[in-house]
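Chains as they are written, first to last, in the numbering used here: chain A, 337 to 867; chain B, 628 to 943.
Wrong hints could be hidden among the right ones.
Unchecked claim - Below, computed lysine-lysine pairings styled on BS3-like, alpha-carbon distance capped at 27 Å: (1) A:Lys846 / A:Lys366; (2) A:Lys452 / A:Lys428; (3) A:Lys787 / B:Lys691; (4) A:Lys747 / A:Lys689; (5) A:Lys786 / B:Lys691; (6) A:Lys568 / A:Lys549.
Just so you know, the hints here were simulated from the structure itself, not pulled from any lab data.
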Amino acid sequence: MLVTVVAATACGSGGDGTNGTSRAADQIPKPGGTLTFALGSDPTCLDPQQIQLSEGLTVGRHVVDTLTDQDPQTLEIVPWLAESWDVGQDAKSYTFHLRKGVTFSDGAPLTAAAVKTNFDAIVALGAKATLGYSYLSGYAQTVPVDDLTVRIEFTSPTAQFLQAAASPSLGLVSPTTLNRSPTERCSQPPIGSGAFVIDRYVPSQRVDLSRRKDYNWPSALARHQGAAYLDKLVFTVVAESGVRTGSLQSGQVDGISAVSPQDAKSLQEQGLTLLPTVHAGIVTNLHASPTPDRPVVSDPSVLPALQKGINRTQIVSSLLNADYRPATSILSSKTPDHADLSSLVRYDPTAAKKLLDDGGWKPGPDGIRLKDGHRLHLDVLWVPSGFGPEQSTIELIQQQLAEIGLELGVKRLSLAQFTPLYQANDYDLFWARGTTRADPDILRLIFGSKKPAPAGSVQEGIDRILEAQNAITDAATRRSLVEQAQRRILETGYGIPVHEQTTIMGFSPKVRDVTFTASSWPRFTDTWITG
Amino acid sequence: MKRYLIRRLLQALFVLWAAYTVCFTVLYLLPSDPVSLMVSGGAEQTSIDDAQLTALRAQYGLDKPIIVQYVDHLWHALRGDFGVSVQTGRSITQIFLDVLPATLQLAASAFTLALFLGLGLAYWATYARRLWVRQMLLSLPPLWASLPTFWVGLMLIQIVSFRWGLVPATGDDGVSSLLLPAVTLALPTAAGIAQVFAKSLRTVETEHYITTAAAKGASPTRVRLRHAARNAAIPALTLAGVWAGNLLAGSVVVETVFSRTGVGRTTATAVGTQDIPVVLGLVILSSVLFTAVNLAVDLTYPLLDPRIVSPAADPR
Numbered sequence: 337m338l339v340t341v342v343a344a345t346a347c348g349s350g351g352d353g354t355n356g357t358s359r360a361a362d363q364i365p366k367p368g369g370t371l372t373f374a375l376g377s378d379p380t381c382l383d384p385q386q387i388q389l390s391e392g393l394t395v396g397r398h399v400v401d402t403l404t405d406q407d408p409q410t411l412e413i414v415p416w417l418a419e420s421w422d423v424g425q426d427a428k429s430y431t432f433h434l435r436k437g438v439t440f441s442d443g444a445p446l447t448a449a450a451v452k453t454n455f456d457a458i459v460a461l462g463a464k465a466t467l468g469y470s471y472l473s474g475y476a477q478t479v480p481v482d483d484l485t486v487r488i489e490f491t492s493p494t495a496q497f498l499q500a501a502a503s504p505s506l507g508l509v510s511p512t513t514l515n516r517s518p519t520e521r522c523s524q525p526p527i528g529s530g531a532f533v534i535d536r537y538v539p540s541q542r543v544d545l546s547r548r549k550d551y552n553w554p555s556a557l558a559r560h561q562g563a564a565y566l567d568k569l570v571f572t573v574v575a576e577s578g579v580r581t582g583s584l585q586s587g588q589v590d591g592i593s594a595v596s597p598q599d600a601k602s603l604q605e606q607g608l609t610l611l612p613t614v615h616a617g618i619v620t621n622l623h624a625s626p627t628p629d630r631p632v633v634s635d636p637s638v639l640p641a642l643q644k645g646i647n648r649t650q651i652v653s654s655l656l657n658a659d660y661r662p663a664t665s666i667l668s669s670k671t672p673d674h675a676d677l678s679s680l681v682r683y684d685p686t687a688a689k690k691l692l693d694d695g696g697w698k699p700g701p702d703g704i705r706l707k708d709g710h711r712l713h714l715d716v717l718w719v720p721s722g723f724g725p726e727q728s729t730i731e732l733i734q735q736q737l738a739e740i741g742l743e744l745g746v747k748r749l750s751l752a753q754f755t756p757l758y759q760a761n762d763y764d765l766f767w768a769r770g771t772t773r774a775d776p777d778i779l780r781l782i783f784g785s786k787k788p789a790p791a792g793s794v795q796e797g798i799d800r801i802l803e804a805q806n807a808i809t810d811a812a813t814r815r816s817l818v819e820q821a822q823r824r825i826l827e828t829g830y831g832i833p834v835h836e837q838t839t840i841m842g843f844s845p846k847v848r849d850v851t852f853t854a855s856s857w858p859r860f861t862d863t864w865i866t867g
Numbered sequence: 628m629k630r631y632l633i634r635r636l637l638q639a640l641f642v643l644w645a646a647y648t649v650c651f652t653v654l655y656l657l658p659s660d661p662v663s664l665m666v667s668g669g670a671e672q673t674s675i676d677d678a679q680l681t682a683l684r685a686q687y688g689l690d691k692p693i694i695v696q697y698v699d700h701l702w703h704a705l706r707g708d709f710g711v712s713v714q715t716g717r718s719i720t721q722i723f724l725d726v727l728p729a730t731l732q733l734a735a736s737a738f739t740l741a742l743f744l745g746l747g748l749a750y751w752a753t754y755a756r757r758l759w760v761r762q763m764l765l766s767l768p769p770l771w772a773s774l775p776t777f778w779v780g781l782m783l784i785q786i787v788s789f790r791w792g793l794v795p796a797t798g799d800d801g802v803s804s805l806l807l808p809a810v811t812l813a814l815p816t817a818a819g820i821a822q823v824f825a826k827s828l829r830t831v832e833t834e835h836y837i838t839t840a841a842a843k844g845a846s847p848t849r850v851r852l853r854h855a856a857r858n859a860a861i862p863a864l865t866l867a868g869v870w871a872g873n874l875l876a877g878s879v880v881v882e883t884v885f886s887r888t889g890v891g892r893t894t895a896t897a898v899g900t901q902d903i904p905v906v907l908g909l910v911i912l913s914s915v916l917f918t919a920v921n922l923a924v925d926l927t928y929p930l931l932d933p934r935i936v937s938p939a940a941d942p943r
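Model the full assembly from the supplied sequences, consistent with the hints where possible.
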């Protein structure tokens with residue numbers, strides 16, 4: 337999950353990126369005003385180091401700064417609180433040279449010691465800091481070299497760290513806040529060095545922020561220096577999607593998250609600004625569990641046939657809108673080291689049928705194939721995410737697969753029902769909405785095995801590539817390893833990508849210069865309101 | 628009278644214990660692990676190691692045998708300690724006390740509104756001169772009762788807030804944001820009150836004391852208001868306990884549609900995240916509320932109608 341500002345512009349009519357060269361009066365940023373943005377659910381916890389919901393991280397992004405930042409366009413890692421850094425040859429140590437004059441909102445200065453206190457605290461939080469703790473896996477220690485130089489050391493190579501350092505999960509807070517209990521840190525506003533401070537939090541209602549007037553250390557991606565333009569930033573929680581849309585249309589809020597692709601067109605026709613962003617990380621996919629005790633899914637011909645039996649173009653064109661793209665790999669096109677492997681995920685029902693024929697699956701009386709008394713039936717576990725077209729997407733996949741003689745059953749579950757099945761590996765496939773992170777190491781988290789895989793198995797081969805990519809600092813070598821990993825995951829069918837995950841946000845036309853982080857969360861530090 | 632009091636109190640305690648036990652059983656029979664749900668934050672995978680999960684489970688007491696957890700929870704609950712939320716670590720009693728005022732405010736407004744609507748409608752429907760007016764009015768309560776609360780709420784938001792711009796659609800700042808949710812929540816309750824009151828008005832009409840009052844020369848209005856309505860109101864009012872339950876249940880939907888804080892919304896969220904201690908705590912605390920209202924009604928009953936505790940009405 338990572339951070340950074342994108343150049344998606346919330347300009348005038350329709351967000352077509354008319355980020356003009358000639359600046360008329362209403363194009364010169366004007367300080368002041370309040371922006372109210374409606375989230376779909378409560379942030380639940382204010383501490384960016386503990387929270388993992390994107391709502392909480394969106395709020396947290398405005399309160400804490402990070403050592404690095406990530407350009408959402410080029411995906412490059414750029415300076416923020418660290419002006420520069422040196423990476424150890426073995427990817428086991430990172431030395432950051434901190435910016436001078438940065439203070440937390442309680443007046444405490446940013447020092448090497450403060451960085452150490454923060455990182456030690458995140459590791460001590462353990463599972464409570466799910467994301468931060470996993471980014472710091474293999475953490476050995478932080479060494480304050482001098483007041484403004486700090487070295488972070490790992491016991492094993494950790495190539496993903498530079499990008500992780502741009503995540504609010506590794507955002508820095510004032511050392512005094514770290515004396516509070518984890519619970520207090522969730523319910524009390526964090527003291528960060530960010531452009532905004534939290535004034536008030538009413539659970540499941542709203543979070544009120546106001547800008548820090550003395551803020552003067554924006555990331556290298558900021559479009560302006562100094563304090564944020566907005567006086568106040570209010571995140572409200574509007575759970576019902578129709579009410580959210582209506583609130584934007586009637587001007588009760590200035591922006592909303594999660595516009596459904598069906599509503600997008602009518603909102604645009606009313607002159608509202610829509611900003612779609614494609615998420616970095618793992619695309620929306622069917623995640624397979626090829627355990628040997630599940631004879632159908634572990635049959636070597638089945639998953640590769642399934643991979644070719646899905647018509648992704650049809651899904652996107654008939655059920656989604658132009659803001660969505662068919663997947664070209666298991667990584668989204670916005671992820672560093674994404675490889676365009678369209679040829680591996682091309683719809684080819686003839687090839688799919690041939691794979692199944694060769695694998696010994698013969699069409700049965702009702703068209704569904706059979707082999708050794710087994711029916712070619714797979715169940716997909718589906719935990720509805722609230723994304724409108726999800727159900728019709730799965731139903732269309734069902735129809736497409738029926739054509740190659742594969743019967744897909746859909747089991748609709750609650751998260752509580754799903755979790756134990758997932759943990760016990762007790763499923764054929766599950767519907768994975770996608771996991772956002774702008775670093776290819778997300779593959780290791782999602783497709784690497786938690787316990788060592790049997791020697792010589794396909795999974796072991798994949799694990800080895802995934803470990804290797806995290807141990808390499810050389811960009812070209814890492815890219816080639818990541819490509820191999822994507823290729824293996826697609827060829828085995830462990831991940832069956834469907835479409836890239838897109839989020840559409842809606843804004844009033846008077847809201848300008850909304851930028852995005854590399855994790856596709858909105859960032860309002862350069863945002864201003866016209867007239 | 629004393630025996631009646633003790634019996635009602637014991638019944639109330641039994642109801643609370645039963646609510647706790649049923650709720651505990653249902654929640655702990657669910658095949659889920661709140662701790663993995665807490666660290667997963669959605670249907671996503673994490674790389675948290677088993678040792679960390681075990682430590683968290685121990686911290687929340689989830690590693691003990693079910694029966695021990697049952698007794699533990701019960702013992703703590705008796706002392707007003709319902710534990711902490713697995714998701715946020717906050718004390719559940721505190722969570723409940725934080726959101727209770729919002730729900731009470733909503734429920735009280737809705738109840739007042741429902742009372743006026745229900746009693747007024749039934750009175751008018753019973754005494755309207757024209758038959759077609761009576762019939763039309765009498766058909767309103769079943770209609771209100773059958774409209775889904777969710778839909779009514781969304782319609783009101785669409786028209787009153789989005790189209791006319793009279794009140795904000797969401798939030799809980801002040802009277803203007805309370806209006807739509809209160810109306811939405813009041814409708815089903817008003818329908819119930821109207822039906823009960825209209826029925827008993829018709830029953831009371833045939834009572835001898837009505838004839839007596841009329842014979843003594845009281846005006847028709849005086850007969851209706853002082854004699855008929857007063858007596859007919861008793862059954863509707865004594866159902867207050869039921870209405871209280873309705874309002875609590877309805878708040879789940881209403882608070883979600885209008886994005887308000889409150890007991891209902893908090894419970895719904897906790898169910899979604901499988902925050903078992905919170906669900907359990909909120910259900911118990913809500914049953915305490917519900918039982919208290921019913922107990923209060925039971926205890927005022929003898930004041931309204933002394934026959935209720937007289938030996939004739941009490942077989943023991």
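Which numbered conditions among the earlier hints are violated in the structure presented, ordered from lowest to highest? none
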